[in-house]
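Line by line, the protein sequences are chains A and B. Here my numbering = 1-based position in the first sequence + 31. Here my numbering = 1-based position in the second sequence + 1.
Keep in mind that the hints were calculated from the coordinates and are not lab data. Just so you know, even glycine gets a beta-carbon here, dropped at the ideal spot from N, CA and C. Heads up, some of the hints might be wrong.
[To be verified] Each pair of labels, with its calculated beta carbon distance range:
| id | chain 1 | residue 1 | chain 2 | residue 2 | range |
| --- | --- | --- | --- | --- | --- |
| 1 | B | W162 | A | P249 | 44 to 52 Å |
| 2 | B | I114 | A | F44 | 54 to 62 Å |
| 3 | B | W162 | A | E179 | 18 to 26 Å |
| 4 | A | R85 | B | V245 | 39 to 47 Å |
| 5 | B | I103 | A | F44 | 40 to 48 Å |
| 6 | A | Q161 | B | G117 | 52 to 60 Å |
| 7 | A | S163 | B | L5 | 25 to 33 Å |
| 8 | B | P95 | A | Q161 | 37 to 45 Å |
| 9 | B | A89 | A | L250 | 36 to 44 Å |
| 10 | A | Q161 | B | T28 | 55 to 63 Å |
| 11 | A | G164 | B | Q24 | 43 to 51 Å |
| 12 | B | L5 | A | Q161 | 22 to 30 Å |
| 13 | A | E58 | B | S4 | 28 to 36 Å |
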Amino acid sequence: MSSLHIEDVGKSFDDLEVLRDLRLSVEPGEFAAVIGPSGSGKSTLFNLVSGLDRPTSGRVLVEGEPASVASGKVAYMPQKDLLFPWRTVLDNTALGLEAQGVRKKEARARADALFADFGLDGFQQAYPSQLSGGMRQRAALLRTVVLERPVLLLDEPFGALDSLTRTEMQLWLAGMWQRHRWTVVLVTHDIREAVLLADTVHVLSRRPATVVRRVEVPLARPRGADDFTAPGFTATEQIVLEALRGPTAVRTP
Amino acid sequence: MRSLLRSLWPPLLVLAVVLGGWQLYVTTAGVDPTTLPSPARVVEQGWVNRADLWAQTLPTLQETLLGFTLSFAAAWLVAVLLDFSAAARRGLYPLLVASQTIPIVAVAPLLIIWFGFGLLPKMLVVTLTTFFPLAANLAAGFAATDREAMRLLRSLGAGRWRAFRLVRVPSAMPYFFAGLRVSITYAVVGAVFAEYAGAEAGLGIYMQAQKSAFRTDLVFAAVAVTAALSIALFGATFLLQRLVLPWERRAGK
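So that you can see chain A by itself, here it is in the shape it has in the complex (with noise of 0.2 Å):
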C-alpha cells in the first residue's frame, strides 16, 4: 500500500482551477519532492494531503484511507519555522505532541529525547529568538517529527534561509534522513534541493496543475556534498528544468 496515493485530483476555487487530474505516487520510505512553478497550486495540493481541504474531484489517500486531519497520519512542517516567541525551544518542539492532547509533562519527555539527534542538545530551555535561522527550522522539523506519523510533509522548509545556510541544511536532512528513512514530501522550488535529496522529482505545470513528469533521481545513497558536483547531478537537474520550463519555454541557444 502507497503511504501517499494521489489520484486524478482536481481542485477549484470558484472559477479558479488549480489542480487539474492530478496523480501522484508515494511508497513508504519513499523521500518525494514536489517542484512547480510559483503561483502552479503546491499549496493547494498541501493542504489536500494534509486533509485541511478536500479535492474537488478524484480522491487523496494516506496508507488508504481519504487524507482527513482527524486520522492524524501527515505531520506537517510550514514554510515559517512558527516557533512561538513565548515557549521555550522544549516547549516549542512539544506543542505538536500538545496540540493532539499529549500531557505536557510526556510530551516534553517524548521531545527532549530527540534533541541530541538534531542538535539542539543544550538548547532546551533557550527561547527561538537566541537560535539561528538553521537551529530554528532543525527544532521546527523535530516538532515535526516528534509526531511519528507515517507521512512527513515539508513545505519549502529552507525557502527564508541565506544560501550557505540552506546547503548545510540540505546535506544535514539528507543525513538524518539515511538514518531515520522517513516517508517524505518535500514541496520546492528549488531544482538542486529537490535533487540532493529525493528519491523521485515531480514536476508539476502550471495552472492548472498536474503532474507532468516523474523523474527518479538515480545518485546513490548516501548523499553528500561531493554529489553536487557528479555528472548525474546536473544531469537530473537539466531534465527538472526542462520539464519545468515546458514545451513552451523560450530555448536559448
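Got chain A sorted already, so can you dock chain B onto it with the hints?
Here is chain B on its own, set in the frame of chain A:
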C-alpha cells in the same frame, strides 16, 4: 535599572523647569494663593494634611482597583466571545464602539441615582471608562494571530479551544498590555470623577470640598496624589508584563 533612569531624567527635567517657572512667577508676581498656590505651598500644605489626604486616597484606590478588576474580567469575557462568535462580532462590536460616544458626565449622576452613594456606582464608572480599550485591544490581539500558526494547529488536530489557549492567548499578550496601559491611566481619573458626582469619601469629593473652602493648594495636592496613583499603576503594568512575558527579556539579549 540604568535604562529606566536614562528614560526618566528628561521628563523629570522638564517637570522641574515647569515647576520652577511656576514657583518663580507666583512669588515674584505675588499671586494670591487661593487663585494659584506655589508648588512649594502645595507640597507644604499637602504634608501638613497628609493624614487627611491619605484617608481620602484609600477609598479612591479601593474603587479604582475593584472597578478595574471588574473591567478586566468583563473585557476578557467579551473579547473571548467576540473571538469565538462571528455573530457576536457583528452584533456586539459596533455597539461597543458606539457606547464610547456616551458621555460619562451624563451617566455618572444616573448611576448614583440608581445605586446610591456607596462603592458600586464608582466601581461602575471606573469599569465603563476602562473596559473598552482593554476589550478592544484584546480582541484585536486574538484576531492578529498568525493564520499559518492556526493552520498548523488545525492540521495537528487541535480543537478550537485548545488552539485558542495554546496560540491565540499568548500571541495577544502584547496587545493586551498595550490596552492595559491605556485603560489603567483612565481608571483613577474615572474614580475621582465618579466621586465628584457624589460620594461620602475619596479624593474627588475632597477636591470639591477644598475648592469650596478656597483651599486651592489642597486641591492641587489632591491632584498630585491622583497623578502619583495613576503613574504607580501604569508602572505596575510593566512589572506585570515582565512577570507574565519573561521571554521578552530573554529575547533582548
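Results of checking the hints against the structure:
1. B:W162 / A:P249: 44 to 52 Å: Between W162 of chain B and P249 of chain A, where Cβ atoms are some 50 Å apart, the hint holds.
2. B:I114 / A:F44: 54 to 62 Å: Given range 54 to 62 Å: holds, Cβ gap about 58 Å.
3. B:W162 / A:E179: 18 to 26 Å: Holds: the Cβ-Cβ distance is about 25 Å, inside 18 to 26 Å.
4. A:R85 / B:V245: 39 to 47 Å: Roughly 40 Å apart at Cβ, these two residues keep to the hinted range, so it holds.
5. B:I103 / A:F44: 40 to 48 Å: holds (44 Å)
6. A:Q161 / B:G117: 52 to 60 Å: Since Q161 of chain A and G117 of chain B have Cβ atoms about 56 Å apart, the given range 52 to 60 Å holds.
7. A:S163 / B:L5: 25 to 33 Å: holds (31 Å)
8. B:P95 / A:Q161: 37 to 45 Å: At 43 Å between Cβs, range holds.
9. B:A89 / A:L250: 36 to 44 Å: Violated - the Cβ-Cβ distance for A89 of chain B and L250 of chain A, about 57 Å, lies outside 36 to 44 Å.
10. A:Q161 / B:T28: 55 to 63 Å: With Cβ atoms ~57 Å apart, the hint holds.
11. A:G164 / B:Q24: 43 to 51 Å: Because 58 Å falls outside the window, the suggested range is violated.
12. B:L5 / A:Q161: 22 to 30 Å: At 24 Å between Cβs, range holds.
13. A:E58 / B:S4: 28 to 36 Å: violated (59 Å)
Of the numbered hints stated above, those contradicted by the structure are hints 9, 11, 13, listed in ascending order.
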